[in-house]
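Listed in order, the protein sequences are those of chains A and B.
All residue numbers for the first sequence refer to my numbering, where the first residue is 1 and numbers rise by one.
All residue numbers for the second sequence refer to my numbering, where the first residue is 1 and numbers rise by one.
I should point out that these hints are in silico values taken from the structure, not numbers from a laboratory.
Since we're looking at a predicted model, the values are computed, not measured.
A portion of the hints provided could be inaccurate.
[Claimed, not checked] Per label pair, the in silico range of CB-to-CB distance:
(1) 406(A) to 27(B): 53 to 61 Å
(2) 481(A) to 315(B): 14 to 22 Å
(3) 481(A) to 359(B): 17 to 25 Å
(4) 315(B) to 148(A): 37 to 45 Å
(5) 612(A) to 317(B): 21 to 29 Å
(6) 475(A) to 284(B): 53 to 61 Å
(7) 345(B) to 475(A): 17 to 25 Å
(8) 406(A) to 22(B): 30 to 38 Å
(9) 382(B) to 380(A): 51 to 59 Å
(10) 265(B) to 475(A): 29 to 37 Å
(11) 181(A) to 301(B): 17 to 25 Å
(12) 235(A) to 317(B): 30 to 38 Å
(13) 380(A) to 362(B): 33 to 41 Å
(14) 106(B) to 406(A): 37 to 45 Å
[Claimed, not checked] The following residues of chain B were derived to be distant from chain A, with all beta-carbon distances above 10 Å:
(15) 86
(16) 229
(17) 240
(18) 282
(19) 292
(20) 328
(21) 359
(22) 363
(23) 415
(24) 417
(25) 419
(26) 442
(27) 607
(28) 629
[What the hints assert, rightly or not] With a straight-line Cα cutoff of 27 Å, these simulated DSS-like cross-link-like pairs (lysine-lysine) come out:
(29) 177(B) to 409(A)
(30) 419(B) to 409(A)
(31) 132(A) to 69(A)
(32) 547(B) to 177(B)
All C-beta atoms, glycine included, are put in the ideal place defined by N, C-alpha and C.
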Amino acid sequence: MKKVVRRATALRSGARSMAYSAPVRAAVRTVMSAPAGAPVRRVVESKGLDGAARRLMSEQLPAGKYYAKLTIDDWEKHRGRSFRLLQGSTVVYGNEIEPPARGSALEYRNIVVTSKDPGRFSLDIDAPFSLKIGHGAFTTPQQIEYDERYGVEQHGDVFYSVRGNTTNPSRLLVTFPGFGPSTSRISYAVSYLKDLDEDDLQDTLMVCFQDRYLVSGSYMLVDNGGRPLYDRVHRVIDDLVRRHGIAQDDVMFFGASKGGSIAITYAKEFPQAHLLLAVPQMNLPYYFNKPFFKDSLFRMPQLRELDQPQELLRRYFAEGRKIDYFYTNDDELSNHSLIELVHDVENLTKYRVGGVHGAVAKNALPAMLGVMRRFIAPRSEHALGCDGLRTFVEGDSVRLQLRLDDSSKDLPSRANTFVEGTLGRTRFLQILSSHDYPFVRYMDTSQRLYPAYDRLVDIDRVTVLDASGDRYSGPLPEKIAADGAPADLELTTAPLQLETDGVQEYAVVDDTRLGRFRYRSAPAAPDGDTLEVHVVSTMGEDGGEPLVASSDRARFVARVAPRGDGALVHLIVLRLVVAGGVSRLRVVVEGGPAEAARALQDIAWDDVELVADDVRTEAG
Amino acid sequence: MTDTRPVLLTVVIESDGPVDRESETYRRIVGARLRYETLFDVALVDGPLTTARVAELCARLGSTYVVFVRESHQIPAAFLPTLLDYLRKRTVYLAEPTVYTGPVPRDVGATRLDDRYHYARDTDVYGVAFHTRRLADLVEAAGDVERSALYLAYRLYWSIAKVTPLAVGYSYASDTKAVIGVGAGPGTARLVPLIPTASRELRLYVLRYLVLFLRGLRSRGECGVGLDHLRDLIRELDLIGLVGAAVREPLESSWIRWIDDPSTTRYLYKRLTGRDAYLEFALDGAPQAEVPLYRVRLGDETVSIGKSYRPGDDRPGHDDPAVYDFYSRPVGLSSTILFFDRPGQADDNAEHLYEYFTAHHPEYTKAYFALARKSPDWDRLERKGFRLVPIFTPEFYELFLVSDLVVSSQIYNLQYRGKTLANSRFVYLQHGVQLNDMTDWVISKHFDVFVATGEMEASYLRTVAPVETLNSGLPRLESLARVPSEHRYLLFMPTWRFNLHQLSTESFKQSDYYRSIDALFTDRVLLDHLERTDRYLHVKLHPNVEKRSSTFHFSDRIRPTDVSYRDAIASAEMVFTDYSSAVIDAAFIGTPIAYYQWDAEGFFREQPYESRLDYSTEGLGPVFYDHADVVDHVVGGRYAVPDDEMARRKERFFEGVDPSRINATVVERMLSL
């Protein structure tokens, strides 16, 4: 009897493998790509086979890989804690437990595993769980409804929706999505931008890509099988441009957060295209070093090996590409201290919005829509009067309050107000908040100017950007008076290097704080698993003592000398260890300010050794 | 009082003296007998209703319910029928009308019963039908509370959290409590029983009562209620949570906060240019504030309240960009400046200052004059080229919001989107000269500049507003001049008496006020004199008396005039009044004035404010108390004889005022704010 059961199981397994074979998948995709209501689709749907068809349509994984859906029960008592799913002793997924949508189970779909046997999996938290493992990707009714609502189509293993002028467009707007909540029932969204309607898009084709890979997206760098996606996605864009004869400078790439990073990636071969970015992640491994990703994306070597967004962006800066970049200083993980400090880049416009990462796109949506609409068609320019400027100096930063003239009562309500100036060839705009009084704009506590790198002397206008694309602008009535705050420091934005040629400067920005450093770094043992950093008080031009690791496990050894109060030294150390791609961090504190020693105690790295026996602090 | 018998409701009518059976209020009550005679009875109370009298009435009355009506209050014809129809069908603790202080609107049901209503509602006992036995229970338990708090005590005692008023109105026909507050007798140790409630409307009522109590205390100076009781009341009913949103009396608002938390002794009161005015509270023994305002005794403790001026940097929020400072830019050429007099009537100080300002400073292109669109002055001012804006319209408030300065002879509690006269510039021009001691009122108001006329008024105002007082003189005086007239006119301008409200015509004609004035109008000697000398006596009646104008015996020689005060004064040969400060204008331009005060003894007793001026020694004209004397003064032509004493008094009265630079002085000050 047992033999019969095993034989029947083997047969079912074989049939399943055949069903999920490439020819069958291709046939099903053809059937399901027929318009809704088409006879062939009606037959499939009437027999209740549409769910199975969707699984069959999904991306075919390499042999020996499967899609898994993890459901964790009784999650409430683990809320806020990290968990890991292990296949045997190997971590295959991890996250931080957040509550699911009301009435829904806590699910993580499309974890890619190499065993079909749920019995081989375990969780490192004491919570009951179940696993479903199969050849087809998992989805939810909400995702299916979402895809239908936004017209998301599958083209091979690439997913996107198309709208606007699809016949003879003269412009192309390409959008990429950000992350949704990790426990959302809709894991794969599109940046649809509902505000842009058919009127807006009468000459523009809009393509909204979906990052439908892994549990919540792969930055569209790899597919579920870990294979690079670039060529497949690029081909879609390139085909559209060629098919419609769209000039490159009539192409705009847009994305917020993850979408921004993807936009940077896919703009690579469109040097004339316009790039509209909001809070993109500049260094993916560095960004992934947090509970949500450190046991998922952080563990994917493919994401580390590809060009990082900041490398591409530096190249774009050098090429003078047209870039509008919305950001906040309170986003050190995403910014990696590039956009905050970059200046004198031609055709770059920086919009500092303030607030947390997730609030930037929402708070600056009118201005971003305005940038898009100005890309789509010419818009009006209007004069704006400003009667009063008050400057509030708070330590190293400055906040402003403006009084607009009486015409401000006619300003559109859906608009963002900025003070505007120049950083060399770069335009710089700092957002202000609206006030109960319609003629007042002010900077709230998350909106500040930093005399050290904002060049207040060159900030001389107030500008309102309307969601329609209209722009209202006029001069400030007087100079910003920031007496007493440090101004115009020479701050470098050169990337952090593991192999330096002499002493380098580096600066880190984290919200209101600025950390400045001198450092050197060199390779040590090629097979080492450690990055060893010596924190010292000072570093002359010659770099001081030779760079010698005290541990034979060090793959790299670095020496860092904080300037000033040593703030943010833990962040430069963290950036070094992430860049080094090693698992261990050894920090030898030889000197430096007391603040630096304290900050190093809390460094966000799992395997860290802090050697502070010979600490020589300057104060306290 | 009628015999008591078992009826549904007793209407207790309170009057000062014998009830006026021809008054509208009385007639409307007894008129309900036509349909409801078996349901209610009427009881009369001569003299003030007290808690003790309420207790006595409750013990004696056989009716299920009792309602108190003051004779001077206004009730619509439907008041009693509505109450009776409601009460006859149910047994309730109380039934109450929708209560007003002004006229009862036609559509009572449209009144929004929101926080504003609850805070403004007078919560005295009047108009409310109480269950007689339950009221008796209440006064037995809490007979120590004032009558004015009985309604609140009743609701607290019986835990009546919410009452939906009936769709019929009741008006107290006066809001003098807002000016004079309420009092508590020396033996009263508490305002209301300390019974907690979560009812927002009841807490608002108690809060307002507390505000009125403190307002009254400022004038009275002492009471038996202790700070501890007030603090317990504030905390037990969580009144602090309501203060910010509801209380419109700034001094009392701060006072309540201080009682709740005496560790904070200084409260921002008014933003000024370069510095701010604060209220300071202290228990006896603490250092005096820069400008002492009050020393008030509450039970065993003495509280001093003072004012201080402190630099702008001391003000919380001065360094916060989220807080807009209406003083952050000076008054300049791009400034919006808003002027107004009374909504319905211009021709006062703001109009005259506006005219001067726009003529002499045309470079200020955003000066507006606000006025009611229906005002008879609108067309006149429009013809003069005034830039008019309809007052209290959305357009007016938008201008107020963007304005850098408001200049007015009226003080309104302007509030719009967080802008008030406490946090923005306001020049108060007044309508006249303060001859009464109105410091309680002055202290309660927000202004940057208070225009005084003469050193006597200025020095009195400086006792409470040393920084804000400007002795420039009233703007309207500068352009006032004697105008030769074809005929010779005398002018009489009697003022008003509060106790004449609601009197029937017959009772009005019985009043001293009417009889004294009408005796003058019918005086044969005076009439003969006017006829003989071809003079006329013009009478400028107070607006409140205009409707009874026909009761006076006017004649060819003595007649009412409808020309403006200004024109009437300018063309008069001599002006006399009982107490009106309007005669000061006449004195300013050298027109002889006189006072005829037939009721001097009682008049000042009835007034909410005490006279500051000793008319007999400081008045700018002779004072007469007898009819014959004032007639003799006029007929004898003595007013035309130069009087050195009056000239000296006038010089002293107007000291410091440069008649040719009044407007220039005000403008210089307002542009420097």
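Status of each hint after checking the structure:
1. 406(A) to 27(B): 53 to 61 Å: 56 Å, holds
2. 481(A) to 315(B): 14 to 22 Å: Holds: the Cβ-Cβ distance is about 20 Å, inside 14 to 22 Å.
3. 481(A) to 359(B): 17 to 25 Å: 38 Å, violated
4. 315(B) to 148(A): 37 to 45 Å: With a Cβ separation near 59 Å, residue 315(B) and residue 148(A) fall outside 37 to 45 Å, so the hint is violated.
5. 612(A) to 317(B): 21 to 29 Å: 44 Å, violated
6. 475(A) to 284(B): 53 to 61 Å: For residue 284(B) against residue 475(A), whose Cβ atoms are near 58 Å apart, the range 53 to 61 Å holds.
7. 345(B) to 475(A): 17 to 25 Å: For residue 345(B) and residue 475(A) the Cβ distance comes to about 45 Å; the hint is violated.
8. 406(A) to 22(B): 30 to 38 Å: 58 Å, violated
9. 382(B) to 380(A): 51 to 59 Å: 37 Å, violated
10. 265(B) to 475(A): 29 to 37 Å: 46 Å, violated
11. 181(A) to 301(B): 17 to 25 Å: 59 Å, violated
12. 235(A) to 317(B): 30 to 38 Å: For residue 235(A) and residue 317(B) the Cβ distance comes to about 59 Å; the hint is violated.
13. 380(A) to 362(B): 33 to 41 Å: The hinted range 33 to 41 Å holds for residue 380(A) and residue 362(B), with Cβ atoms some 34 Å apart.
14. 106(B) to 406(A): 37 to 45 Å: At 40 Å between Cβs, range holds.
15. 86: 44 Å, holds
16. 229: Non-interface label stands for residue 229(B): nearest chain A Cβ at 38 Å, farther than 10 Å.
17. 240: 24 Å, holds
18. 282: Its Cβ never comes within 10 Å of chain A, the nearest being 33 Å, so this holds.
19. 292: 35 Å, holds
20. 328: Incorrect as stated: the minimum Cβ-Cβ distance to chain A is 6 Å, not above 10 Å.
21. 359: Consistent with the label, residue 359(B) stays out of reach of chain A, its closest Cβ about 24 Å off (over 10 Å).
22. 363: Given that every Cβ of chain A is farther than 10 Å from that of residue 363(B), nearest at about 16 Å, it holds.
23. 415: Holds: least Cβ distance 13 Å, greater than 10 Å.
24. 417: It is violated; residue 417(B) is separated from chain A by about 6 Å at its closest Cβ, not greater than 10 Å.
25. 419: 7 Å, violated
26. 442: Answer for residue 442(B): holds, closest chain A Cβ roughly 29 Å.
27. 607: 42 Å, holds
28. 629: 60 Å, holds
29. 177(B) to 409(A): Given that 27 Å is the threshold and the Cα spacing comes to 40 Å, the pair is violated.
30. 419(B) to 409(A): OK: residue 419(B) and residue 409(A) at ~16 Å, within 27 Å.
31. 132(A) to 69(A): 5 Å, holds
32. 547(B) to 177(B): It holds: about 25 Å lies between the C-alpha atoms, which stays within 27 Å.
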